[in-house]
Structures are given as C-alpha cells and as structure tokens.
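Going down the list, the sequences are from chains S and B.
Here the numbering used here = 1-based position in the first sequence + 2.
Here the numbering used here = 1-based position in the second sequence + 11.
Everything labelled a hint here was simulated from the structure, so no lab data went into it.
Heads up, simulated BS3-like pairs for lysine-lysine below, C-alpha to C-alpha not over 30 Å straight-line:
1) S/K596 to S/K327
2) S/K71 to S/K327
3) S/K616 to S/K175
4) S/K314 to S/K71
5) S/K406 to B/K183
6) S/K461 to B/K127
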Amino acid sequence: MAAQKQVIEENNRTVRLLRGTEEEAFVAVKARREGLTVAEASARLEEFGHNSVTAKRPSSIVELLRKFKEPLVVQLMVICVLSFIFEDDETKKILSTTLVGGMVFFSVFLSYFQESRSAATIAKLQAMVKSTCDVLRGGVEITVPIDEIVPGDVVILAAGSIIPADCRVIQAKDFFLSQSALTGESMPVERVVMAAGSGETSAQECPNGCLMGSNVQSGSAKALVLATGRDTQFGAMSARLVERKDRTAFERGTREFVWMMIRMMLVMVTLTFGFSAWRTNNVQDAFLFALTVAVGLTPEMLPMILAACLSKGARSLARLKVVMKRLDAIQNLGAMDIFCTDKTGTLTQDHIVLQRHVDVIGRDSEDVLRYAWMNSYYQTGLRNLLDRAILNRTDLDVERSCRKVDEIPFDFQRRRMSVVVDHEGDHLLICKGAVEEILSVCDRYQIDDEIHTMIPLIKDEVMEEYRSLSSQGFRVIALAYREFDRTKEVFASSDESGLVLLGYLAFFDPPKETAATALAGLRARGVRAKILTGDNELVSRKVCSDVGMPVGRVLTGAQLAAMDKATFDAAVLEADIMARLTPSQKEQVIRSLKSQGHTVGFMGDGINDVLALKAADVGISVDTAVDVAKESADAVLLEKSLLVLVAGIDEGRRIFCNIEKYIRMGASSNFGNMFSVLGAAMLLPFQPLSPILILLNNFIYDFSQTAIPFDRVEDDQISKPRQWNISGIRSFMVWLGPVSSLFDYLTFALMWFVICPHACGGTWSELAAANHNSGTSFSEKQTLFIVLFHTGWFIESNITQTLVVHVIRSAQVPFFGARASWQLTLTTCAAICFACWLTFSPWTKGLGLDGAALGVTFWGALALMTVAYVTLAHLIARPRLRAA
Amino acid sequence: MRILLEALQAGRLFELTETSKRGAFEFLGRVLEAIPEIPDDSGVVEAMFAREATGNTAIAPGVACPHARVEGINAEIFCALGWSSAGIDYEAEDGNRVNLVVAYWIPDCQRVGFLKEMSGLAKAITALGGIESLRKCETLGEVRHGLLDWVTVALNESSPDARARMLRLSAKPPAGEEPRA
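From just these sequences and the hints, can you work out the full model?
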C-alpha cells in the first residue's frame with residue numbers, strides 16, 4: 003500500500019509540473035534553460051542522492067537468511083530438528099545435529115560467500131560499462147554518468163539515448179520514445195513541446211513528458227529534469243515492477259532436477275521407514291534411520307556448487323574482458339549453437355573511413371563531400387560512425403556563411419535524415435541515407451553543374467554505381483539536396499521529396515585480421531554464425547568472403563517479409579546472410595531460430611539491435627554500444643572481438659561441464675543408494691548403517707565435492723554446444739545407480755557371509771541361536787557383527803561414492819587418460835583417507851566403527867571391488883559422456 | 012539528343028519486321044555492329060539483354076532505349092533506331108507495346124553523354140505529347156520527320172533543366188591562421 007501511495011504521489015507531482023507552464027516547471031525545480039552550474043549540480047547530488055532506482059542491496063544478514071529458504075536447506079533443517087527431538091542418546095543427538103548443521107553451513111555459507119564474491123566482481127565490472135548522458139552545465143554540453151543527473155538539469159537526448167530521469171520536453175524535433183518498459187506498449191509515442199500542458203492525469207500520457215525507463219527511438223530533444231532516482235515514476239514503481247523474468251533453460255533444468263531428487267527421496271524415505279520398522283520392530287529408530295537416509299539422498303551441495311561454478315565463471319570471463327550482467331546467462335553462452343551478429347565491428351575493424359565521395363556516375367566530387375560534411379556537422383541526433391568518418395575527412399568554415407535552420411532526424415522507416423541550412427538567401431535541404439530511400443525521393447540528378455530529369459531508366463543506371471561500389475565491399479550511402487525559399491522555416495519529412503541526387507559516399511571498414519580465426523573457432527565448436535545486417539547483401543557477401551566465412555544462401559528483408567511462417571523458419575535456418583533487415587525482422591529471425599530448438603546468441607551495438615538482443619537466449623553487446631543496447635544485453639564485451647567471444651563460449655561450457663559433474667554424481671549415486679538401502683532394510687535384521695554414520699559419510703562426501711568448480715575440463719567436452727539434457731541425466735541415473743548398488747550388495751555379501759562370521763566366530767543366525775539358547779537377547783558378538791558390517795559398508799560406500807567423480811568427469815580413462823585438477827584430487831583423497839582413519843581412530847570408537855578388526859581379507863577384497871567398480875562404471879559412463 | 016540526330020542523319024532508322032523483343036534486339040544489334048567504329052564481336056546483343064535483365068528500358072509509353080555498355084574502349088556513342096507500326100511486346104511496366112526502339116552502344120567513358128541524352132529524350136517525348144504523334148505516321152519517312160521534330164524541341168528546350176548553384180565553402184584555416192578575405 004505504501005509503495006502504491008508513493009506511485010500516486012510521484013505521478014501527481016510529475017503531472018503538475020508537466021501540466022503547468024514551462025516557466026513554472028523551471029521555477030519549481032530551480033533551474034534555467036542553460037542548465038545548472040557544475041557547483042549547483044554537485045550540491046544537488048548531495049541533496050537528492052544518486053540517480054538510481056536500484057533497490058538497496060539487502061544487508062548481509064538478510065541475504066544470508068534468504069539462503070535458508072532454498073528447498074534443500076529447509077529439508078536439512080527439518081531433519082536436523084526432528085533428529086534432535088527423537089534421538090535419545092545424548093552423544094548421538096549432539097553429533098548428528100552438529101553434522102547436519104555442518105552440512106547446512108557448507109551449503110548456505112559457501113554459496114553465500116561465492117555469490118557475494120561474484121556480485122562484487124560483477125558490480126566492479128559493470129561500473130566499467132556505465133551509461134552516460136549529455137547535459138547542459140553552465141551552458142556547456144558535457145557528458146556525465148546517468149547516476150549523476152540531478153533535478154534541474156537540462157539533458158540532451160537523441161536516438162539511442164536512455165531517458166535518464168523524469169523530464170519535461172523543452173525542445174523537440176520528431177522526438178519518438180519507446181515506453182515499453184513502463185507501459186508494455188511497443189509502438190513509439192511522440193513527445194512534443196507544450197508551453198502549457200494538456201489535461202492528462204497520468205504522467206505517461208502527457209505529450210510533453212518523458213519518463214525514466216523509456217528510450218529514444220528517433221529524433222532529438224532537450225528536456226528539463228523534474229525528478230531523479232527513487233523520486234521518479236519508475237523509481238516509485240520499481241518495488242512493484244520487480245517482475246520475474248522467464249526462467250532460463252538452465253534454471254528450469256536445475257529446478258526439475260532438484261524436485262526429481264526430492265520426490266525420489268520422499269518415496270525412498272517412506273519405503274525405508276516401513277521396511278526398517280518391520281524388520282527391527284523399533285519405530286523410533288526406523289524413523290531416525292529414514293530421516294538420515296533422506297539426508298543422504300539430498301544433493302544439498304547443489305546451491306553451493308552452482309554458486310561457486312557460476313561465480314568462478316563470471317570472474318574467469320571478466321579476465322577475458324566479458325562482463326556477465328546475468329550469471330545464469332553463462333550457461334546459455336556455452337549452450338549457444340547459433341550465433342547471429344551484424345558484420346560491423348565483429349567481422350570488420352569498426353574503423354570506418356570515408357574512402358570515396360563520387361557523383362552519380364562515380365567521378366570524384368568535392369561537392370558531395372562538402373554537402374555530406376554539412377549534413378553530419380549540423381545534425382544533432384545520434385552521431386554514428388559514418389558521420390564521424392565524414393567529419394574526420396575535412397573541416398569546413400561554415401560558421402561565417404551558413405546557419406542551421408532545421409533538421410529532420412533519422413528513423414529506421416525512412417532510413418535517411420536531413421538538415422536545412424540557410425546560405426546566401428536560400429534554404430538548402432541536404433539529405434543523406436540509404437541509397438534506395440534517397441532515390442525514392444529524387445526526381446532529378448546532377449552531373450557537373452547541370453541538373454537533369456530523373457527517369458526510371460536513369461535510376462537503374464545510377465544504381466549501377468552503387469552496386470559496383472557495394473560489390474567492392476564499400477558501404478554506400480547517397481546524398482541529395484533541394485533548395486527552398488527562405489520563407490520556409492519549419493521542415494518535416496514530407497519535404498524530403500523532389501530532391502536532386504548529387505552522388506554517393508563510399509565507406510570502407512577493413513575486415514578484421516582475427517575474424518577468420520574466430521569464425522573457424524566458432525565452427526570448430528559447433529556454433530554456426532549468421533550475419534543479420536541492415537546493410538546490403540553485396541557488401542555483406544564481400545565482407546564474409548574476405549574473412550573466409552562460407553556463404554550459402556543470402557536473403558534480404560524484403561524476401562523474408564514475403565514468406566509465410568513455415569517458409570520463413572526454413573529459410574532463416576538455412577541462410578548465412580540476412581541483409582537489409584529492419585530491427586523487428588532481426589527479432590523475428592532470432593525468435594524463429596529459438597522456436598526451432600536452437601540456443602541463439604545475438605551480438606549487437608546499435609539501437610536497431612535492441613529488440614534482437616532482448617529476444618536472444620544470450621544477448622551480447624560491447625562497451626562502445628549505445629546505452630539502450632548495453633542495458634538490454636546479458637553480456638558486455640569490453641573488447642569488440644569474436645575471439646573474446648570464442649573464449650567466453652569455452653568458459654561457459656567448462657562451467658556447465660562442472661555443474662553437470664555434480665548433478666550426474668548426485669543423481670546416479672543417490673539412485674544407487676536408494677536400491678542399496680531399500681534392499682538392506684528389507685534383508686537385514688539390523689540397520690545397514692547407523693544414522694550417525696550415514697550423516698558422517700555424507701558430510702565427508704560433501705567435502706570432497708567442494709573442489710568440483712575448480713576441476714579442469716577436457717577439450718573434447720567443450721567442442722560442441724552443451725545444453726541442459728535431463729534425459730541424459732536420467733540415463734546416467736538408471737545405468738550408473740544400479741552399478742553402484744551392485745557393489746554395495748557385494749559388500750553386504752562379503753561382510754555378511756565372510757568377514758563378520760569370521761571375526762565373530764559364527765554367522766548371524768548361529769549367534770542369534772546361541773543367544774536364544776543362553777537366554778540373552780543380544781550378545782557382544784552380535785554387536786561386533788553389526789559394528790564390522792557398518793564399518794565395511796561405511797568404507798566401501800565412501801570410497802565408491804567419492805571416487806565416482808573421477809569416472810564421470812571425462813570419457814577418457816580415469817586417472818590415466820584424463821586427470822582431475824589437483825584441488826579435486828586432493829579433496830577426494832583427503833575424504834577417503836579421513837574416512838578410513840576414522841575407522842581406526844580410538845576417538846571415534848563411540849560411533850560404532852572398528853577398522854582394525856576387519857582384517858586383510860576385507861582390505862584386499864575392497865581394493866579389488868574398487869578397481870572393478872571404477873572399471874565397470876567407466877565402461878558404462880563412457881558412451882553416455884561421449885553422447886552428452 | 013545529338014546522338015539521335017546523328018543516327019537519323021546517318022540513316023540508321025529502320026522498319027522493324029520482327030514484333031518480338033529478341034528479334035528487335037538482334038536486328039538493331041547487327042546494325043550497330045556494322046558501324047565501323049564499333050569493334051567486331053563486341054557482343055552488343057548479349058550486353059543489351061544483360062542490361063535488360065536488371066530493369067526494363069522502356070522510358071515512356073511506346074518508346075524504349077535498350078543499350079549495351081562496354082568498358083575499356085575510348086569511342087563515341089552510337090545508336091540505331093527501329094520503328095514498328097504494330098508495336099512489339101516489350102514487357103514494359105506500363106503494359107504498352109513499344110513502337111520506337113532506340114538501341115545505344117555506350118563506351119563507359121561516355122556515360123554522362125548517355126544520361127543527358129536520356130533526360131533530353133524523356134523531356135522531348137513529354138513536350139510533344141508522347142508517341143501518339145508518331146503513331147499517326149504512315150511511312151518511315153514521316154516517322155523520321157517526327158523524330159527530327161523531337162530533336163529540334165529537345166535542342167531548343169533549355170537543357171539541362173537547371174544549373175546548380177553549389178555552396179562553395181572553403182576548408183577551415185589551421186588554428187592561429189587568419190582566413191583570407
């Protein structure tokens with residue numbers, strides 16, 4: 003309710019300032035048209051705080067407590083409480099509570115620690131890709147970080163800008179906003195200057211309001227900042243706007259796995275309790291035993307392993323100059339099998355140089371350069387690389403003889419923009435843009451100083467020059483002009499007609515030397531590259547062939563637009579280059595590829611790439627991209643290179659491989675344990691392992707797995723996209739689980755028939771009969787029988803369970819073909835040694851373990867069984883690992 | 012229009028007996044290849060078809076200007092005219108049959124001349140009410156006279172349409188140097 007009240011209050015205040023006169027708005031925020039001074043801005047930053055709506059990061063305690071809400075942790079805590087209540091033996095009570103508590107500690111604190119560490123790393127890296135805004139300070143246009151904008155600032159906005167705060171438009175030219183983040187409405191809305199506002203009651207509907215959370219689609223404007231940070235509409239709503247994004251395939255897969263394990267555990271616990279109670283005639287013991295079995299079956303380290311793997315991955319990627327804005331996108335990076343990108347900056351150097359300026363028949367023309375320069379010089383919209391290349395080519399003395407009259411900004415429908423210049427009594431409209439769009443508004447052309455009528459045949463002729471330049475790899479735009487009478491002061495896009503075609507500008511962006519290597523790297527990793535560009539097909543084809551990219555089918559936006567859904571899907575899957583695409587067509591292509599079961603990455607840096615970035619499984623942008631593109635991306639490359647991306651893909655796959663190791667282990671060993679425990683509960687007259695030993699065994703095993711995130715991944719495992727594969731996990735579970743059970747049963751048999759009778763002087767039946775004859779209920783020999791049985795299975799279970807990670811980590815022969823990292827080797831060896839030592843230690847006699855009494859036969863048989871288990875498990879796992 | 016005039020003076024206006032586009036191209040191509048300044052085996056017909064593939068060359072109802080561009084030859088432009096009273100099926104976008112086919116042979120260095128010729132021809136056709144005046148002609152001689160009227164009109168009309176008055180801006184002087192008055 004409080005949040006809602008705040009939204010209403012903020013709306014009322016903003017609406018008031020939008021509906022009043024401009025002067026009232028300036029007075030209300032104590033501002034001037036030339037902007038605040040630097041000192042004033044600094045003082046206001048102190049007063050109002052940084053312009054950020056990000057909810058304050060909860061305190062460490064709160065974040066830590068949130069970890070206890072994880073289903074696996076809740077389950078452990080419930081078990082901990084129940085065993086504390088029902089356990090009669092004080093020592094066991096304390097020990098079992100400590101062990102379960104230790105597991106909770108491991109799971110909660112380690113994952114909290116890892117997540118905090120990666121959050122800090124990401125925050126540090128994100129600071130490097132800060133969004134900025136142009137603002138007037140003391141009448142001078144300067145660029146400041148968006149979070150330093152204060153109420154009273156006058157901001158300068160152009161296509162691609164993010165609206166940094168709640169503002170009132172005080173100057174605008176064909177200014178269109180996308181408010182989809184605020185209203186969900188995808189169509190752009192126009193914002194205009196109004197001396198006094200209209201009667202709207204909502205700030206979002208005020209024609210002169212532009213609110214934080216929107217971005218500029220086209221046009222340019224100056225706007226007065228009315229409110230910043232949490233005082234904005236967006237800020238007030240942010241608490242309510244925390245909308246849950248769609249779960250990624252990775253999140254869905256993880257949850258599916260967790261719930262599968264929990265369901266399995268519930269069934270198992272119920273059955274174990276039933277059988278155990280029936281065989282031992284002790285309901286309380288059976289209940290405690292079932293609870294501890296539940297602990298044994300819980301993959302309680304999963305949250306920690308996930309957090310550790312992802313945060314380690316984020317740090318590794320950061321070293322590769324890849325900033326992950328969403329941790330779970332790391333897995334998508336590794337799963338990506340189709341990579342779509344524009345060619346500029348990825349295949350090319352993104353160092354665009356104006357190479358030629360020619361008339362309509364391809365002769366060098368200084369007039370073309372001069373007019374293009376004036377267009378780029380006077381335009382106030384987003385200055386792109388082409389403008390910069392033109393401005394770098396020359397510097398003209400325009401100030402003394404020319405004056406800018408008006409401007410018709412660029413948009414993606416017209417694909418052209420114009421400026422109008424007053425020069426010696428005439429108003430000259432100079433228009434530059436995509437060749438087809440310029441030709442469509444020309445009815446004359448100029449050769450030397452002669453202006454002739456344009457007819458379709460001549461259009462075809464002059465287009466040939468364009469085609470010729472494009473096929474040489476030049477990016478070509480056309481230039482046209484028209485003179486107007488001086489009385490005309492205001493211009494609109496309808497004035498872009500009856501123009502005189504003056505010539506062409508040809509830009510060259512040399513192919514990157516590394517592009518061919520990177521593309522080959524992507525191919526080798528099973529990632530197919532596709533070029534999605536607004537540029538024409540001739541240039542795209544030339545650039546692609548220059549970098550050795552195989553070019554099969556080439557499609558244009560017009561061809562795609564004419565296709566039905568089925569043809570479209572098939573065509574986009576087949577095509578290597580899709581040229582002349584509109585922003586929405588790029589998005590359609592991405593969605594089509596996703597709908598066909600592919601994991602699609604898209605790399606883009608322009609405002610025209612935003613839709614595609616959002617639609618992709620993993621949207622990738624670069625540090626030099628427009629703000630709205632960086633905001634929409636999952637990952638930001640600090641270096642615009644495909645090589646960096648290739649390295650990022652490898653890292654994503656490594657991380658997922660390590661996560662998969664734990665999941666495969668958890669699934670297969672737990673499934674195996676289910677069979678073993680169930681069988682033992684049915685067959686044995688006593689519990690196969692005491693609850694405390696199950697917990698201890700699990701604790702040691704958990705410790706051994708903490709090094710999984712640091713394990714190395716073999717090259718063959720990252721050679722193809724790694725996608726979440728629940729059926730692959732099930733296959734591991736159903737095949738490896740029973741193998742583990744088989745060796746458990748062998749151990750049961752060994753202990754029941756050989757080791758225990760030999761050490762106790764008789765079989766269980768014989769000992770029971772002797773007791774019956776002597777009138778006692780339970781002899782010391784029987785106790786020894788149970789202790790030895792427990793010790794044997796404790797050791798065997800621990801060794802096989804711990805060692806299996808070396809089997810399932812690679813398809814190569816364990817220990818010889820592929821070795822684990824030293825960290826994993828150390829933790830697994832340490833776990834096994836510790837478990838064995840426990841059985842000999844005089845301090846742990848109370849736990850019911852006695853390794854010394856087992857004898858050489860046991861240890862010899864154990865060695866043989868271990869070798870046999872590892873061999874058999876490897877033979878079963880290998881084909882599954884290769885198929886994964 | 013001087014190229015057209017020169018062709019009329021040289022007697023390169025012919026009655027087209029073929030009513031197909033291909034027939035017209037082949038006939039006029041042979042006429043052009045017979046001009047001594049045009050090299051043998053220069054592939055005029057193939058070049059005209061290649062150009063036609065990129066866009067139809069009908070420039071006004073009843074009039075088409077197929078052309079063959081050649082690279083690396085420094086020579087004049089030549090043209091040959093074909094007249095078909097019945098009209099040929101030219102697959103023009105306006106759907107009209109074409110009566111007058113003006114085939115050009117254009118060395119690359121003469122593109123400017125060709126573009127100006129096309130603009131002038133388009134202007135003359137518009138000024139004299141299109142092909143209708145020629146369609147009334149009963150003999151090839153009358154057609155020739157009518158075409159000479161087109162040339163006269165085009166040459167008398169102001170061509171080009173206008174003269175451009177381009178902004179002449181000079182480059183900024185290096186910093187610290189005063190610009191010259």
